[in-house]
Amino acid sequence: MRSLAVFGALVLLMWLSLIALLYVIDILVIAAVEESWARSVLGLAAFMCWVSGWYRALLTLSKKLIERWTRRASSEH
Numbered sequence: 089m090r091s092l093a094v095f096g097a098l099v100l101l102m103w104l105s106l107i108a109l110l111y112v113i114d115i116l117v118i119a120a121v122e123e124s125w126a127r128s129v130l131g132l133a134a135f136m137c138w139v140s141g142w143y144r145a146l147l148t149l150s151k152k153l154i155e156r157w158t159r160r161a162s163s164e165h
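So for the sequence shown, this note's numbering puts the first residue at 89; every next one is plus one.
Hints are computed from structural coordinates only; laboratory data are not their basis. Using N, Cα and C, we set each Cβ at its ideal position, and we do this for glycine too. Keep in mind that the hints are not guaranteed to be accurate.
Unchecked claim - Pairwise CB distance ranges, derived in the manner of DEER restraints: (1) Ser163 x Asp114: 47 to 55 angstroms; (2) Val112 x Ser162: 38 to 46 angstroms; (3) Ser163 x Arg90: 18 to 26 angstroms; (4) Glu155 x Ser128: 37 to 45 angstroms; (5) Ser105 x Ser150: 15 to 23 angstroms; (6) Asp114 x Ala161: 41 to 49 angstroms; (7) Lys152 x Ala108: 23 to 31 angstroms; (8) Ser124 x Phe95: 32 to 40 angstroms; (9) Val129 x Ser163: 47 to 55 angstroms.
The whole structure should be built from the sequences, with the hints applied where relevant.
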């Protein structure tokens with residue numbers, strides 16, 4: 089049950105951070121940059137940074153959880 093709550097919280101945080109990123113892109117990039125191609129490039133770069141950050145966070149969390157589970161499994165035997 090706890091892992092389901094953690095998973096739900098992660099999904100919620102991912103969606104909220106994506107909405108925040110889109111809001112920031114809308115305010116800063118579109119207001120500051122006039123060329124359409126530059127807005128597209130900056131928006132895609134920001135999105136890729138968001139994806140990379142969440143990928144690293146989930147990878148780190150997964151590694152820590154796997155290490156914890158293997159320690160528990162080895163200590164039980």
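Here is what the structure says about each hint:
no.	hint	result
1	Ser163 x Asp114: 47 to 55 angstroms	51 angstroms, holds
2	Val112 x Ser162: 38 to 46 angstroms	45 angstroms, holds
3	Ser163 x Arg90: 18 to 26 angstroms	19 angstroms, holds
4	Glu155 x Ser128: 37 to 45 angstroms	41 angstroms, holds
5	Ser105 x Ser150: 15 to 23 angstroms	18 angstroms, holds
6	Asp114 x Ala161: 41 to 49 angstroms	47 angstroms, holds
7	Lys152 x Ala108: 23 to 31 angstroms	25 angstroms, holds
8	Ser124 x Phe95: 32 to 40 angstroms	38 angstroms, holds
9	Val129 x Ser163: 47 to 55 angstroms	51 angstroms, holds
Checked against the numbered hints given earlier, the structure satisfies every one of them.
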